[in-house]
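> These protein sequence lines map, in sequence, to chains A and B.
The opening position of the first sequence corresponds to residue 0 in numbering that gives the first Met the number 0, with each subsequent residue numbered one higher.
The opening position of the second sequence corresponds to residue 0 in numbering that gives the first Met the number 0, with each subsequent residue numbered one higher.
Treat the hints with care, since some could be wrong.
From the structure, some residues in chain A lie toward chain B, with a derived Cβ separation under 10 Å [claimed, not checked]: (1) Val92; (2) Met95; (3) Pro129; (4) Ser267.
Derived list of chain B stretches under chain A, where covered just means 3 residues or more per stretch with a C-beta under 8 Å from a C-beta of chain A [unchecked claim]: (5) 45 to 54; (6) 313 to 323; (7) 334 to 345.
Examples of chain A residues toward chain B, derived with CB under 8 Å [what the hints assert, rightly or not]: (8) Ile1; (9) Phe83; (10) Ala94; (11) Leu102; (12) Ile104; (13) Leu111; (14) Val112; (15) Val268; (16) Leu275; (17) Phe279; (18) Met285.
Derived from the structure by calculation, the hints contain no laboratory data.
The structure displayed is predicted, hence computed values, not measured ones.
The C-beta atom is built at its ideal place from N, Cα and C for all residues, glycine as well.
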Amino acid sequence: MIFDFLNYLINGALVGLLYALVAMGFVVIYRASKVFNMAQGELVVFGGFMVWWMIAQVGLPLSIGLPLAFAAAILFGLAIERIFFSRLAGESVFAMVMVTIGLLILIRGLILVLFGPAVRPFPIVFPLKPIIFGDILIPRSLLFGGLITIVVGFGLSWFFNRTRTGLRMTAVAEDHEVALSMGISVKRSIAFAWALGSALSTIGAVIYLSGKSLSFLASDIGLSALPVALLAGFESIAGVLLAGLIVGTIQGLVTAYVDPVVGGAVGSVFPFLIMLAILFIRPTGMFGWKIIQRV
Amino acid sequence: MDPAGVFATSFEADAALIRTRKQWLALALFALLLIALPWLIGPRLLAILTVMLISAVVAVGLQINTGYAGQINLGQAAFMGVGAYVAGALAAGWALPFWLTIPLGGLAAAAFGFAFGLSAVRIKGFYLALTTIAAQSLFHFSILNLPWFGGSNGVTLAPASLFGFELSSDRSLYYLCLTLTTVMVCGAFGIVRGRHGRAFIAVRDDDVAAGMMGINVVRTKATAFLIGAFYAGIGGAMWAYFVRFVAVDQFTLFHSIWFIAMVIVGGMGSITGALIGVFIIKAMQETFVTLGPSLVSYIPSLGGDIVYSVMNVFLGGVIAAFLIFEPRGLMHRWNIMKQSYRMWPFPY
């Protein structure tokens, strides 16, 4: 009984860290360009397909295939910036969000055109055998993924809060025009954001999909990660880790203990309830900048 | 801007939507065409046209909410779904007639939308849009788990009937939808040039300034959601009677995005624009669906799935292209053309 509980708790927390990684993609893009990227889930799927294509299709070994896949994903992010967002610098938030919604559809279509709707086996990056402590089973991919997430999270947090380049990007997130007038290149910042965002999404894809099946439907994780980003506040990178742990454990426990009672997918809708609660109680999240105006 | 020689001499004339004889004539011809169409085209085109009419109601609602009041709404399909399910369940469970279930469906959707519009008390802008995504997933969840809506089996309902006539043929359904759409669109024109419409526009352009002028901003935003969701609900109820089978996967986030695409392509802040957007997007969709298979039969290596995916690429590209190159949509382009035509040969 207690072991079951621990199992749910630990797995929930690790899944939460995975959400945190995807949410970090949101936050990084927001933090460096003030664009809220609705197409994050699609970036994850694109990264996943790049990895799959390099390793399963072309037949490269992991050590070469993975870096190449990351390079491809980063190039893709840069291309998105070049084609869409470099023309939109300084435009309204509305236009930006709408463009990312257009991107969501576009990338999904692109993936379908390039790779088709079939479900593919994703290459096994992390060994499938779970780590076993007594009665507790921990999937290796999630454990390693969690560690990577924590390292990346603190690294990026340091980068954005302590380095000169990171602070420049933060200025872009605050106001495009002010940043421009301070001599900061908004375009370069946005380009960097998208490159970083798609790289993070690819890491997310590797952890999420390792040894599982890949299809365009995996993009749902983008929406699941939304409440995490919101709970942390869109500007906080390290905060995403904590928010991911919270949302993940709650969701894990709800799925384990409430779903059988109610007989439905409470676990899957619960993050959205959390999201609504956050929006009503504290829209800036736990660590966000307190600049949200309300009327 | 009016054509040369047309001057409004009274307030009524200045506020009129239709200002010249030729415009009356064009409108009358268009109405005649809409009435005559069922006898001119085949059943497949008629079905497409009916779907267009239904989508028009939903898109006009979204236009009021997003285009006029400036509130991004990513849950329009969920609001439509609420209308469809409530109308369907009332018709199937209590055997209520359609002239009761359709308004009730609209009201139910309006209540649902209003609840989300109320979150404007706390948040605005993009955060408000996020609550509508939550609406989408909450809708999905509640429909599948609430006892009245048949869960994943959906709701099957009998055809609408009026004075003993069954409205189940393509033509009768078309006329039913045409009547309702006309009423709703006329209503929309009324709303947006009335007191509420002016409040919407003021809030869209600058909500702080609107508040200064004495507009109750929160109430205006919530009203916008209420009206937008009401339209969606009516459209959903029409949809329920059109397909006579309501299922939860007819109202996904993706459908909401299609509605947004219609509004963007047609032009933000114009009811006519919403109608044009519906026509163009739906026509494009149907062209892809119709031409796709024959194209695939010529080039078999493409595979059947390609149609759907190319449509997605195209749609996503169209949304992005419009936002980048013509954020105000086709209606704006049309107005520019009309104006320069009326000015000609003078530059201004």
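> Identify every previously stated hint that the structure contradicts and give their numbers, smallest first.
3, 5, 7, 8, 18
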